[in-house]
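K.L.:
Protein chains in written order, with our numbering: chain H, 143 to 451; chain Z, 3 to 312.
None of these hints come from the bench; they were simulated from the model.
Backbone N, C-alpha and C define an ideal beta-carbon position, used for all residues, glycine too.
Just so you know, not all the hints are guaranteed correct.
Stated by the list, open to error - Computed beta-carbon distance windows for the label pairs: (1) H:Q199 with Z:G279: 21 to 27 Å; (2) H:K234 with Z:R57: 44 to 50 Å; (3) Z:Y63 with H:Q199: 36 to 42 Å; (4) Z:R57 with H:G306: 53 to 59 Å; (5) H:D257 with Z:M273: 45 to 51 Å; (6) H:D336 with Z:P10: 34 to 40 Å; (7) Z:K66 with H:K215: 49 to 55 Å; (8) H:E161 with Z:S215: 34 to 40 Å; (9) H:E335 with Z:K100: 48 to 54 Å; (10) H:G306 with Z:H54: 35 to 41 Å; (11) Z:K66 with H:D336: 28 to 34 Å; (12) H:R287 with Z:E18: 28 to 34 Å.
Stated by the list, open to error - A partial selection of chain Z residues facing chain H, derived with a Cβ cut-off under 10 Å: (13) K101; (14) H114; (15) Y127.
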Amino acid sequence: MAYDPSHHLTTAAASRRREELRQECLQKGMELAQAVADALFALPPTEDREGPIVHLQAPTIRLPREKHLPRPKPPTKWELFAKAKGITKRKKNKREWDEQTQSWKRTYGYDRVNDDKDIPIIDAKSTDEPGVDPFAQRMQEKKKRVEKQEKNRLENLKKSAKVGALPSHIQLAAKALPITGTKADLPKKSRKEDLESVAGMASSATASGGKFDEKLPGEKPPKHPGKHRKFLPVAEGKGMGNLEKQQNDKILNSLLARNSDEQLDVGKAITMYKVKKEKQRRKDKGMSSKSDKLKAQKKPLKKSSKKKA
Amino acid sequence: MVASIRVPKTKRARRELLKHAPKLVETGKKTLILHGTKTSAVLNSVLSDIYHLKRDNAVKYTKKNDNIRPFESGGESSLEFFSLKTDCSLIVYGSHSKKRPNNLILGRTYDHHIYDLVEVGVENYKSMASYVYDKKLAPKLGSKPFFAFIGEHFESAEELKHLKEVLLDLFKGEVVENLNLAGVDRIYVCTAISPTTVYMMHCALRLKRSGTSIPRMELVEVGPSMDLVVRRHRLPVESLKKEAMKTAEHAKKVKNVTKDPIQGRLGKVYMPDQQVGKLTLTNDIKGLKRERREAKKNKEQSKKQKVDAE
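Can you build the whole structure from these sequences, using the hints too?
P.N.:
Put into structure tokens, the structure is as follows:
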């Protein structure tokens, strides 16, 4: 950059036509550009395939920064502990030999060493209580460890945020509970399904039940429009069966079942058994004719025959 | 408590956010170009020309923004929010009104808060498209420009000094240490025609063969040219200015190094006060190992002696 303070245009000169001004500026600009180029080309260049490259000197005009200088991160809780104890970082291998399954496994992630899933038997210790499930206990302990770690991580991030050295890809959201109230009182983010049905719900509040409202583009019709109860027809047509009898039967059965001492609904159990047998027979017939892989494996639907008292 | 740590879910988003982190030595500032509720044709052309000049590191918003009033205390929050989200520290805001026709506000931010502002009016504007020239001379995108400031008003007038600094920041491009001399092809010529007006031109440089190794410069006008009339300006707050001007150079001072012609580089080792009582003992201190090993050996020896004796 070059500047020429000696030249100044008086008001009389300023009233000259624009073209003359432009020409003069171009002239002056050329002189100044030449001066800069003189200084630039005088620097020793290093020849590169794209052209001569010069190393520029430090800038004379200081311009303000756009962000603050990076602040040092405060050491985390673990880092302080490790420093005090003299613990140094050691490099872990990506794969390790797993004694349990006798194979090479990853140290972390999907197929990992010492996974809780791979333990078939846990020997009972004398300190164990009789009703406690050791597998469930292991899972609970792990969960507690993970929660503790998350809490520690949050504390470390808060400490660094206080100094102003929070890593730029992390944001801390202030989601504290309100002073009075429980978790249910937190304003919840609406789900997509709720937002889609809101228009339908609002329209049902109008006098005509939203039938004549203008629909916006992309608005879906409300689900369960109008009727929320199903009433039986007054006069039964042919071939409909005895709907009223069925309805009454259903209610009575459920009432009786709730109050009965029997745990097993014999009729239902027999039907289920029959259906299962039929399916098995069909599958066997199908298996013998077609190969396994072409047919999609169907899982039998589970229905508990027990009714809660 | 609901998760209070928000982390980007994709690696790409994470990389983008890491680019926003403050750096020790800054390389380039991004520009945000936007406009208010009413713009004129001239202003639209000016904004798009500036965007084309700074294509790689500029963001142009196309919607109208009606709640931005940079010179009022409450009206900057929107600008600061946009600066935060797009990671831009230079702002060019255009608006047109009867009182201030063809108004352009050039602003800078520090830590995504408004640092300083200059309000200029655009007059006698000629767009880039109106210039006819040999296309081979067109300056390439991203090349480092020359600057020429003509007129003593740049030294004497407060507003023009400020405008000069802002124009430098706006058009200087990437900050580099090495420059390819074959790639110098543009120059911004700014002339102070009055204590409040600057006539700005953008020209392409043509290097002509001359007798010496230094080529002869020739200017060909290519870019937009306009008169910038300074209307208002706001200088940065002193404390903020001091903080923004801080450089990282001071941290590089190396202490405790002396150079001896015979022995080379010397430094003194200062032993800190060793508090033996506060040392943490772990099991694998070498001294303890040896003690234990010897104690074991002695015990074995004494056992052997006993057996022999018996």
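K.L.:
If a hint holds in the structure, say so; if it doesn't, say that too.
P.N.:
Results of checking the hints against the structure:
no. : hint                           : verdict
1   : H:Q199 with Z:G279: 21 to 27 Å : 56 Å, violated
2   : H:K234 with Z:R57: 44 to 50 Å  : 46 Å, holds
3   : Z:Y63 with H:Q199: 36 to 42 Å  : 38 Å, holds
4   : Z:R57 with H:G306: 53 to 59 Å  : 33 Å, violated
5   : H:D257 with Z:M273: 45 to 51 Å : 48 Å, holds
6   : H:D336 with Z:P10: 34 to 40 Å  : 26 Å, violated
7   : Z:K66 with H:K215: 49 to 55 Å  : 42 Å, violated
8   : H:E161 with Z:S215: 34 to 40 Å : 35 Å, holds
9   : H:E335 with Z:K100: 48 to 54 Å : 50 Å, holds
10  : H:G306 with Z:H54: 35 to 41 Å  : 37 Å, holds
11  : Z:K66 with H:D336: 28 to 34 Å  : 32 Å, holds
12  : H:R287 with Z:E18: 28 to 34 Å  : 33 Å, holds
13  : K101                           : 25 Å, violated
14  : H114                           : 8 Å, holds
15  : Y127                           : 12 Å, violated
Hint check: violations occur at hints 1, 4, 6, 7, 13 and 15; the rest are consistent with the structure.
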